[in-house]
Amino acid sequence: MDLRFEPMGDHGVIITCGDALTDETFHKVVGLLQVLEQAHESWIVECIPGYINVTVLYDPMKIFYIKMVEQDDRNVYTYVVDRLQQITNQIEVFSETDGQTIAVPVCYGGMYGPDLSYVANYHGLTEQEVISIHTSASYRVHMIGFAPGFPYLGGLSEQLATPRKDVPRKQISAGSVGIAGNQTGVYPLATPGGWQLLGRTPVALFDPASDRPFLVQPGDSMQFYPITELEYQCWEAEK
Amino acid sequence: MIHVLKAGLLTTVQDLGRFGYQKDGVVACGAMDAIAHKTANWIVGNQANEATLEMTLSGPVIEFESDAVIAITGASIQPTIFGKKIDQHKPVYVRAGSILRCGYADYGCRAYLAIAGGFEVDRVMGSKSTYLRAKLGGWKGRALRKADQLPIGKETNQQLLVKQKLIHRLQSNADFSQANWSVPVWDYGINRKNITVRVTKGKQFDWFTETSRQQFTSLRYQITNESDRMGYRLQGAALQLKSDQQLLSEATSVGTIQVPSNGKPICLMKDRQTTGGYPKIAEVITADIPRIAQAKPGMFLRFHFVSLNEAEQALLNQNQREEQLQLAIRWKREER
Numbered sequence: 001m002d003l004r005f006e007p008m009g010d011h012g013v014i015i016t017c018g019d020a021l022t023d024e025t026f027h028k029v030v031g032l033l034q035v036l037e038q039a040h041e042s043w044i045v046e047c048i049p050g051y052i053n054v055t056v057l058y059d060p061m062k063i064f065y066i067k068m069v070e071q072d073d074r075n076v077y078t079y080v081v082d083r084l085q086q087i088t089n090q091i092e093v094f095s096e097t098d099g100q101t102i103a104v105p106v107c108y109g110g111m112y113g114p115d116l117s118y119v120a121n122y123h124g125l126t127e128q129e130v131i132s133i134h135t136s137a138s139y140r141v142h143m144i145g146f147a148p149g150f151p152y153l154g155g156l157s158e159q160l161a162t163p164r165k166d167v168p169r170k171q172i173s174a175g176s177v178g179i180a181g182n183q184t185g186v187y188p189l190a191t192p193g194g195w196q197l198l199g200r201t202p203v204a205l206f207d208p209a210s211d212r213p214f215l216v217q218p219g220d221s222m223q224f225y226p227i228t229e230l231e232y233q234c235w236e237a238e239k
Numbered sequence: 001m002i003h004v005l006k007a008g009l010l011t012t013v014q015d016l017g018r019f020g021y022q023k024d025g026v027v028a029c030g031a032m033d034a035i036a037h038k039t040a041n042w043i044v045g046n047q048a049n050e051a052t053l054e055m056t057l058s059g060p061v062i063e064f065e066s067d068a069v070i071a072i073t074g075a076s077i078q079p080t081i082f083g084k085k086i087d088q089h090k091p092v093y094v095r096a097g098s099i100l101r102c103g104y105a106d107y108g109c110r111a112y113l114a115i116a117g118g119f120e121v122d123r124v125m126g127s128k129s130t131y132l133r134a135k136l137g138g139w140k141g142r143a144l145r146k147a148d149q150l151p152i153g154k155e156t157n158q159q160l161l162v163k164q165k166l167i168h169r170l171q172s173n174a175d176f177s178q179a180n181w182s183v184p185v186w187d188y189g190i191n192r193k194n195i196t197v198r199v200t201k202g203k204q205f206d207w208f209t210e211t212s213r214q215q216f217t218s219l220r221y222q223i224t225n226e227s228d229r230m231g232y233r234l235q236g237a238a239l240q241l242k243s244d245q246q247l248l249s250e251a252t253s254v255g256t257i258q259v260p261s262n263g264k265p266i267c268l269m270k271d272r273q274t275t276g277g278y279p280k281i282a283e284v285i286t287a288d289i290p291r292i293a294q295a296k297p298g299m300f301l302r303f304h305f306v307s308l309n310e311a312e313q314a315l316l317n318q319n320q321r322e323e324q325l326q327l328a329i330r331w332k333r334e335e336r
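Chains as they are written, first to last, in full-length UniProt numbering: chain E, 1 to 239; chain C, 1 to 336.
Don't read these hints as lab results, they were simulated from the structure.
In this text, a Cβ means the ideal position worked out from N, Cα and C, and glycines have one as well.
Please note that a few of the clues may not be correct.
Unchecked claim - Listed next, the stretches of chain E that the computed footprint assigns to chain C, with coverage defined by at least 3 CB atoms under 8 Å from CB atoms of chain C:
(1) 23-36
(2) 42-51
(3) 60-68
(4) 114-128
(5) 170-182
This is chain C alone, in the form it adopts within the complex:
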């Protein structure tokens, strides 16, 4: 069991998402940065789809009722245990009664906390992800609050072995111990101010005026404060249609950049509605979704058009990198 002493800005239980019900209007949800989510799970020896805590901008304070092996990935969120800094991107053993305090994300926007054994919440329609708007899944269908108590799942034998190794490294009066290896921090390709994301043409790209199409690629768009798990509202040159065409509602997806009548583009993210009636100017390539997930409000986005071939190749390359990472972690964990 973990006890939430302070909830943080928006801390939710997420796995890789809820699929198969989008035709029924159920949004997919899932970790905004799937790579950081999976990596955290691999480091503690969980399955990739096990639930983690997604911590947004400002993290929670958590007390561990029993000892545990945890990993924190994604945004750097300055985690400490009783005031002592702990490392991210590696397995950390915490003693029963320890209090983990996560700070403000000084790089990136979302950090992921995995715990060996996973969070034991019910799967609703096949997923542990929190669906905030419909109040289902995750922990009671909502973001974590102070005084919540989340149960932890059973660890496998392999996870118990790794835990034993970490316990051996524990100094006599320390509250935690850390592995002597860590995973390289994923290169999101973002600095403090600017990010470039690759996009392919949206279905209604040709509906926009020549000027708007040029502005979309040559100008930068600022991520506004009205940006959340549903989508990022962007501030910048208003994009216009050649004529006042109405779109009959159709499916949307993660990365869809739709343009409502005010001309300000919205980049749809994991909690997006399944269908929409706004024209789509572009689609962010799947490989660049984690990059957007780690961008903060106030940052500037630039869009760079690529071909479908390039988008597919980028995804294949990213996936190969993930598989290498997964293997490296597994071998390190299995080392005697």
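This is chain E alone, in the form it adopts within the complex:
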């Protein structure tokens, strides 16, 4: 398996899976993350996927003690990379099966999607066309970052790529579905932001009280489908 190992400070290793964001790199990142998590190494604190790499944060003090009893004189980083290579060498080929596809209802336009008409005009499309393009694709969850449960999604049609707003909004409601450049995404928390807002979902991406606090995982896909304002309100009322 062709992987590149680099240090992140004195407590992390960045494992790069490829130089460009290709299908192959995506599957490697997702596969590598699974293998590392299933390895259950006591010194791994956690693993964080990026677009083309996985960062392993480790506990240097645990490694010092492990090295002490294994009578290993190498430095911590060398030891960690060696162990990670042993773990990853066992992988012959990463499966190319995707994770779960999660269907996410979105109420497009109106008060929930104040920028739908702007995006439509910007591209010379009707609002309905924007909705149908946005709902026809399945978006890959490459990584989660920025805020709890915020998915970095790939696969937005170039027909919808729209620059951010010149002046960011002071507050964007949780669940807002928007576009920024060639990215689309869902805001899990109320936050300021410059995204063009197409609509809003009543489904929580992050619920700290739940047994499964996060709706999506890296490797999953998201597919949006339109709902009416009334359906949105019913959904909200049932929460």
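Start from chain E and add chain C according to the hints.
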């Protein structure tokens, strides 16, 4: 129960952090100065990971509903009880009804208040740390406010014994008593104006121009007022990339020094976002994170590159010092 009479500038409940959810975008949080946090807990006989109050620059005023054993470490914050000065870095017994007033941090930036038994707040996703931006964990997911009432956990038998010893030292009409021993103040290696922190090369170090790489180590950077638990924004020579390279977002960590397009470096701290798309010029070594945590806005930072070996050795040395401290405290507490 403790009653908050005045909240201070930013007083939050913190433990050592929330781990295992960074891949889900949940930031790690935790005490900015983990050494001071742990030391405060050890002094009162708590586990290292028990929650403390992190008090920033200007401390709170707190009334104790029942008697308690407390310790204050980290920044020197001029604590008094009814106008009488109390010592930091040692166990202090306070009588029920006492009012503790913390002042301004004249040395350091963050002080830690531990109480025997710990603060009884729920663990959210495995941690008591306050995650301010997501409004979860800690006390109601936010910084303390006037009129908050925080419950205190149950003390162990050993903690009750130490409390008894302190009660014996109490003068008849005093509101508090203090142990006759204290922990040496941790040497953060900072003076009023300047600090040097050791760094290793960041992943994108080679992306920067030769001039910028030199400026980064030869010039000093001032900590701006836009510095908080998320990160320290630094003022100084703008650092430039050789070419306009775009970075695909990837993980960040505590101590990561990232450089956004304006060229002004940001040193990421405990409430940092889990991922970022800015090039990383350097990573502060783990052993020097407490030093930065205790640096105030306005102070000047200098960066000194070291090898990974040196960074690891510094951490090992620091950890040995911590373990000695922990043992010394335990023996002193167990002394009859």
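Right, here's what the structure says about each hint:
1. 23-36: n = 1 at 8 Å, threshold three: violated.
2. 42-51: With 7 residues close enough to chain C, the hint holds.
3. 60-68: Holds: 3 residues of the region 60-68 of chain E have a Cβ under 8 Å from chain C.
4. 114-128: violated (count 0)
5. 170-182: violated (count 0)
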